[in-house]
Structures are given as C-alpha cells and as structure tokens.
Amino acid sequence: MNNQRSFFLNVDWVTVLIYLSLCVIGWFNIHAAVFDENHPSILDMDTEYGKQFIFIVSALVIGTVILLLESRFLSALAPIFYIVTVLLLILVLVAGHNVGGNQAWIDMGGGFRLQPSEFAKFATCLLLARYLSATNVKVTDPKSFLIAGGIILLPMMLIKLQPDDGSTLVFCSLIFVLYREGLSAYFLIVIGLLATLFISSLLVNVWFIIIALVAVAGLLLFMFGRNRKFATGLTIALVLSVGFIFCVKPLYYHVLKPHQRVRIDEVLGLTKDLRGVGYNQNQSKIAIGSGRVWGKGYLQGTQTKYSFVPAQSTDFIFCTIGEEWGFAGSVTVLGLYLFLLLRIILIAERQRAPFSRIYGYGVASIIFCHVVINIAMAIGYMPVIGIPLPFISYGGSSLWSFTVLLFILLKLDSNRMGINHA
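Using this note's numbering, read the sequence shown as starting at 3 and increasing by one per residue.
Source of the hints: derived by calculation from the structure; they are not laboratory data. Heads up, a few of these hints could be off.
[As the list claims (entries may be wrong)] Below, computed lysine to aspartate or glutamate pairings styled on DMTMM-like, alpha-carbon distance capped at 20 Å: (1) Lys-298 / Glu-39; (2) Lys-251 / Asp-267; (3) Lys-140 / Glu-351; (4) Lys-53 / Glu-39; (5) Lys-287 / Asp-267; (6) Lys-298 / Asp-38; (7) Lys-53 / Asp-38; (8) Lys-53 / Asp-109.
Use the sequences and the hints to build the structure in full.
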C-alpha cells in the first residue's frame, strides 16, 4: 500500500511532461490539418480534432490506471496480453474492416475503430522482456535466440497478412533489444550491408558492385591475409554477397507487389510520377519547404487548408508542422522526440530488474522506428508505408497503444528500488 500511495513521488515526471507536450502539439496540428470553417471549435466532437481530445483524455485515464497497478502483474500477465493480441490479429483477418487496402481494423461502432496491430507492439515487448529476463536464457544461445525471434515473428507475420507493411517493419526494430542483451554486433552489420547491397543493386550495374567488392576484399586480404580464419570468413562473405546481388532483382520483381515497387522506385529516383505514386510525398515536401524558418502561422497553411496533402492528420501530420511552424517548429518536435528517447534509455539503464531494462529498450526501439520512418516518409527519403507519428498523429488506437507502451515503463521505473521482476 505504501508503494501505491507514493507512486506520484517516484514517477518520472520529466518523461510525462514530454509525453503531454507531444500530445498537445498533435492535437493542435490535427486541428490545423483538417480545419473545418463550419466546425471551428477545437472541441467540436463532430470533427477529428474533437475526437482526438477524447482520445487524449482517455489516454491519460489509461496511463493513470497503469500507474496504480501492481507491477508484478505486468510481468505475470505478459503471456495473456500476447495471446489476446495474437487472437485479435487473427480475428481482424477474418472479420476486420478494410481501410485503404489494409484489413487492419475492428469496427467498434459509433465511428470508432480498433487497430490490433498497435497493441501487439507493447504485448510483444512485454513477453520478449519476460522471456529474455528468465533464468538461464541468453540471446547468444541458438535456442534462446530462436524463441525470442519467434515471439517477434508471430505478430509480424499476422500483420503482414493484413497487409500492413509499415507496422510489420516496426517489429524489426526489436533487434536492437536483442543487441542490448548480448546479440553480436555482426548481425547489425550484416543487416546494414545487405540493405546497402540491395539498394545498390537497383541503382548501379551489378558487375560494377562485384568489382568493387572484390577490390575491397583483395585489399583486406593483403592487409590481414595472414590470419587464416579472417581470410576464410572474408572469402565466404564475398561469395555470399555476390550470390545475394544476383538474387536482388528476381526478388524485387517477383516477391514485392507492384504498388510496393513503384513506391521504392519513386524514392530511389528510378521513376518520377508527381501526379501519381509520387504525389503525396511531393505535396508533403512542398508544404514543409514552404514553411521556411518560422512557418506560415497557426491555421495559415495553404497546402493544409486546401487539402493538397492526403492523410494530413495521420501519416503526413509532420508536413502540417513544417508548413505552419517552419524549420523552428520541426526542430522543436524532433528535439522533444530525441529528449524522450534519451530519457527512456536512461530509465532503462537505471533499472535493477532485467525485465524492466529489456522492456525499456523495447519501448525505445518501437518509438524510434516510428519517428524515423514517419518523418523520412514525409520528406521523401522512404516509401509511403503508412505508420503514425507517436502521440501526434490522429487516432485512438495509436495514441492509446503508445500511452500503454510508455506508461508501463514509467510504472516499472517507479518501483525500481523495490521488487525485482526478473
């Protein structure tokens, strides 16, 4: 009982303040993004900005309830949360509501819809933290690695079937959790090299890439060739890399769907279709660029006001910030996200319980991935894959799931001096 009475003193209020700031920024920018002169009040419940106010208030209630819970339950109930979200992901494939080509929503009535993939993120982080914090579980052990990978892959595969490529990609960020818990840095290096080879193979003649790889390998062998183990490993890596290069285009043209390819082609500059597939990003870049240093002012964005940018209140909310608040406003929002991520990592590192630390890195990974992909998408550096900007984009499922994700960590942190949840 004493812990329950004093939890207000132990909560990291700096993080809560950043959270509230982002929610308020999101609310006002949603108002600007879809402003309706017939419904000017920001509290008009017939509009998205009115509904967002309800979402924010309900999110605060959810956050408060989480802070009042007993921390032991969070670890104990992790498998149940995971199973429930997996069942919801299966249900949405059978009886879900299709929006924009994705069968990712469950209709709750009254104009409200629930997106199970959003809640799968915190459920996966909880179960992953519970498993990796168990006794004798080491991510360097093949069996432990495969089980941890399975925990991540199951919801990923179900979400991919919707198909929701954006949310599927977000789960890949949890590899950073495995890295923090002991996974070799070589895994990250290999993933980075494969991504580089994949993009290079689409942009440059494959023989040029192969010649460059052979030249680099030859230089390394000349410098370190006396080490037989290194020479053998480098030779194997070179052979596999060349094999992968020849597989890129068959994979690209026969595995990826046409709409996915054209979006990637647009980002890489292989095609230029400003009236078609590139329209959204082009209008978003125009809106952000037109804001210049200080922006056009609140409710003064012409790109926003005349609906030139689709999905202005959700996927492309950042262009509203750029247009109306300019470079200064954009940097402020990015600064808040950076501060939040650094704060989350600080919270994770100060935990005594492995469960809390691992969960904290899961929270940081998910939020980081969302922010990077959403903003990169808005400024034309990534294909349009449709994921929300945390705490800012319109939507109840998104805001509630990020609130649950963050406030569970705040609850675990508030009890860090007490119970060990491992």
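Decide if the proposed pair is consistent with the structure: Lys-298 and Glu-39, CA atoms, cutoff 20 Å inclusive.
Holds. Lys-298 to Glu-39 sits at ~18 Å (cutoff 20 Å).
So if I understand the rule, the pair passes when the alpha-carbon distance is 20 Å or less; does Lys-287 with Asp-267 pass?
17 Å, holds
Assess, step by step, whether the Cα of Lys-53 is no farther than 20 Å from the Cα of Asp-109, and give holds or violated.
16 Å, holds
With a cut-off of 20 Å on the C-alpha distance, tell me whether Lys-298 and Asp-38 pass.
18 Å, holds
Between Lys-251 and Asp-267, does the CA-CA distance stay at or below 20 Å?
OK: Lys-251 and Asp-267 at ~13 Å, within 20 Å.
Please verify whether Lys-53 and Asp-38 have alpha carbons no more than 20 Å apart.
14 Å, holds
Between Lys-53 and Glu-39, is the straight-line Cα distance small enough, at 20 Å or below?
At roughly 17 Å apart (the allowed maximum being 20 Å), Glu-39 and Lys-53 satisfy the hint.
Measure nothing beyond the straight line between the CA atoms of Lys-140 and Glu-351; if it is 20 Å or shorter, mark the hint as holding.
18 Å, holds
Figure legend: structure checked against the earlier numbered hints; every hint is met.
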